[in-house]
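Let chain A serve as the given structure and place chains B and C on it in line with the hints.
Residue numbers (the numbering used here), protein chains in the order written: chain A, 1 to 284; chain B, 285 to 1080; chain C, 1081 to 1236.
Think of the hints as simulated: they come from the structure by calculation, not from any bench. None of the hints are false.
Dumping the calculated DSSO-like pairs for lysine-lysine here, alpha-carbon to alpha-carbon at most 27 angstroms: (1) K450/B with K433/B; (2) K1195/C with K83/A; (3) K724/B with K951/B; (4) K569/B with K1110/C; (5) K600/B with K724/B; (6) K857/B with K834/B.
These numbers come from a predicted model, not from an experiment.
This is what each chain is made of:
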Amino acid sequence: MIPAAFDYLAPTTVEEAVAALARHGDDAKILAGGQSLLPVLRMRLNAPEVVIDLGRIESLRGVRDDGDAIVVGAMTPHSVVGKDPLVAEHAALVSRAVVHLADAQVRHRGTFGGALAHADPAGDLGAPALALGAQFVIAGPSGTRTVAADDFFVDLFETAVGEDEILTEVRLPKHTGWGAHYEKFVRVAHQWPIVAIAATVRTEGGVIAEARVGLTNMGSTPLRARAVEAALAGQPATDEAVRAAAAAAAEGTNPPTDLNGDADYRRHLATVLTRRAVLAAAGA
Amino acid sequence: MTALEDRPDVAQEIGRDRRRKEDARLITGRTRWTDNLTVPGMLHLAMVRSPFAHARITSIDTSAAAEATNVVAVITAADLGESQGACINAWPITPDQVAPVHLPMAVDRVAFAGEIVACVVARSAAEARDAAELVDVEYEELPAVVGLKEAIKDEVLAHPELGTNKSALWVFDSAAAGTGGDVEEAIATARESGVVIEREYRQQRLIPAFMEPRSVVVDPTGEQITIWSATQIPHILRFALAATTGVPESKIRVIAPDVGGGFGGKLQQTPEEMIAFAVARHLDKPVKYTETRSESLVSAHHGRDQIQKLTLAATKDGQVTGLKVELLADLGAYVAIVGGGVPVLGAFMFNAIYKFPAYHFACQTVLTNTTWTDAYRGAGRPEATFAIERLMSELAEELGVDPLEIRERNWIKHDEFPFTTVAGLEYDTGNYELATAKAKEMFGYDELRAEQQRRREAGDTVQLGIGISTFTEMCGLAPSRVLGSLDYGAGGWEHASVRMLATGKVEVVTGASAHGQGHETAFSQIVADRLGVPFEDVEVLHGDTQIAHKGLDTYGSRSLVVGGEALVKATDKVIEKARPVAAHLLEASVEDLEFSAGRFSVKGTDAGISVQELATAVFAAHNLPDGMEPSLDADATYDPINFNYPHGTHLCAMEVDTETGAVSMRKYVCVDDIGNVINPLIVSGQVHGGLVQGIAQALWEEAVYDDAGTLVSGTFTDYLLPTAADTISFEIDHTTTPSITNTLGTKGVGEAGTIASTPAVVNAIVDAVRHLGVDDITMPCTPQRVWRAIQEGGRA
Amino acid sequence: MVRISLTVDGAKVSDDVEARTLLVQYLREKLGKTGTVIGCDTSNCGACTVHLNGTSVKSCNVLAVQADGAEVTTIEGLASNGQLHPVQEAFRECHGLQCGFCTPGMIMQSADLLKENPNPSEEEIRLGLEGNLCRCTGYHNIVKAVQHAAAAGGAQ
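Okay, chain A solo, but in the shape it has when bound:
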């Protein structure tokens, strides 16, 4: 219940944080909202020598409109993102997912960037970010760089953020007018999703013009169901058509087996939930 001892740093700028990270390297761990990190430290599954708290860096908080994208500061709490009107209007899929993430208390503390950088394959934000084609702005010793969503999630708990880098903001390309739905399947409410589907579609007169579908917990990273997306394009938003397209939802996935279900069951769930998510997103 008590973490092993560590030194604590609370930089107030990104530059200070990057410098601190450069100084301590492997021995340091970044503390964002702490909602995943602190349980790990309490259970002593990890014992960093230094914890660098980003909580005092004001510039990392907030949501802004940046032309073709909505930009979410990495340290913006989930509860703020969930209520943000810009996100709701232009990246509805994120709004739909973030309100189901964990519980109210965790959403008050946990941060948008922290959850994405943690890269738990069962996390609720990876699939929406992937589906929306988010771009990740990363600061490091040699300045900032931007990584596309497709390249961001590398493996289980591993992203493109280097050991000397910090995720500072996430750019969500505007999907204004797109319908969105996040279909989360759990046994009890406080559980990580067994499988979840993030779907957002643009419809034109009852026909799905474009669709983006992200899968949660169907592999070691969040996944895009590209075969489904391709099959949906140009199809009517009917049960029959969507059912046919959703049958491909588990293609190329490698879901885990655990107490809540085996891989085969998850593959099956993915097809059912994808159909439901797409239909809901299309308002059908």
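Chains B and C in isolation, oriented as in the chain A frame:
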């Protein structure tokens, strides 16, 4: 025994929705949980636990830990020797029961993952934990046996020195006992001319998961050793500590301060308590140990874990003619305080509310390399109720009869009480017809059946099922003579004291030790009514062996029906003690006095005196009858003459998503008959909470081990307790058929909801997908299991 | 050791703490605010819920140093001027507690819920309490208590 008719006429408190006295402190955080307590100079313990399910300890190197900051000592079993005592097995169900010695701290071998091998004592809990990481234990892994079906083979032994995993075989046979016929004959006849239902059901392993982790503080300074513990059983713990450590009982004071739930899970003499006791004595310093949740899940005892092989015989018109029950019950690595006997508590309940003529029960208890098992809410009775209520629904299906109808054909009619069952118990009262009729109406049974039919015909994705459970249970543990006949190590009485204080206030002491049940409120209501004093003037004390010097604590739905009866008797003694004083002061003869609403009055006059005024007069003692002691206090110890038998009809509607296997509860109605109710508000809370624990067994909870004996569901992330978002609001009501075995006419309610609800839920799920070829789903009914059952069109 | 200064239940406090000290440990061990309790080690149970700068958090999942400069309200500071908070009243009135161990967290989360949504539906109440485990009540009377508090103007 006092008859019902003898109750005082005035009953203004009993039956009233009193808000609880306990709540004022609990809603404001002014609580006394054990972990809140600090004693000057107190040291903190951290336990070093085995990661292996079965291993020989080859060496323990404590040197690095001993040198860590603020570490006072690192203690192993070798340091404590015999002073660590042993955990007791209080219910050796057979004379030849095989049971390993259970030392609190392992000496040279561990038998489950989580067993304690060393203990670090430091000035802070954090430093104790830091140093515990430095204790270097070398193990030589031994093969571990996990799971009943593996263990029963006796190929891998949980305790090699015992030569077997089989602990005890306990048998009840109605022909042998003279309570009924021969079950084999009944089955043979049914095979020829009736129906036989054969099933194997699994009662998965559960974890009580009380919300307050266990904590213990031991202070050996002073003349007595004082122990504060988050326990249900301060009195039994004191006895057990004395009996196993040689410290005289009179030198031990056990206090259970505010205790955050138990559900049977804190009915234990735990290794942690024993180690804290031994270490405090060893160092002569106060110590505290508070477990983490992960430690709790792996070391506090588990519950259930049975495989039930069942054979039900019936005639073609649905009359049950016999039931044969063959159980395997997993004890875990050690025989816990009453763990050996939990299945035996169920032995008398498989026949439930039904009056069939032949019954055979055999239970083989088995040792494995897993956490020990013991009482969990219902303890033996939920397992039995599940089995029979599932079987009755299967029988109904087999015969094409409505499941309520099949039950009615077999249950004891209300005019047949008292009724001696095939298991040999005498049910005093009951009215199954009434409770069922009421439940059926509240539920809208016929309408829901019609909707179910419509949905089946339409082939809806989401199907509807209706589940029934018409349960009874034996509670009010327990008549001491019965316990003796079952080889239980103690009695089943309860003690109470009622003391009139000088100001007229009343101090009530009960040996029942509450941990959320609301004794302070309900017992105040009983005394206030009986004694005719204001509710607010009654103070109920409990949970401290120095205040409540006698008691057998709280479990088995016993506090009200046993402890409450002791209270009634003590209160009545006070009234009788006061009577001659009243007569003396009123200058009347005792025969001319009547007692009503707290007042003695002279018949036919206005002259009178209240019992509270008498208390002051007795305190002053200026003018008492000759030879009268100046005291209006009384004690009573009550040993119940029988169990009592609450019953009820529970109806549950479940929806099953046939595409995903997800289930959700649509409606839950229950009508329980728990006799007279002291506080309806408290009773409703007991029912709601009980229901959810039973529902949780059906749907969510399971302690899962891997083959190596590691508890996979070892945190709240994996051991799934439901939240508010997973449950619904219930529709509950009751019928009132008073028990005639106690003065108040009450029956136990603490376990009723849990016992009844599990089969109602599973029956409903199976009913929803029966037409798809499913006749059983193993608990917990996870979406995957439900989906697979549908896919396979059979059992999963 | 790190120096922290914060306001807890209206009182200004300042202490040197180890960086690893959790807010809940600071409250319980240093300040004696034992009304806030610890029920698990994975942040599932919510028993330790307090308000940090006006919103609910699990105090086992916040370091004390992160609360430097903040305002913390615990179950012990929820009543004001001797008047119970409407949610506290409602929990007693509706028998929304039995053993009472989850109650501090349950009440603090319910108060937060009503502040955000003064007239929640039953479903919104149930979802709003998904981060708090109770083993005694089956949640039935907890939900009723929140409804009762809402009707009594609990969103204060």
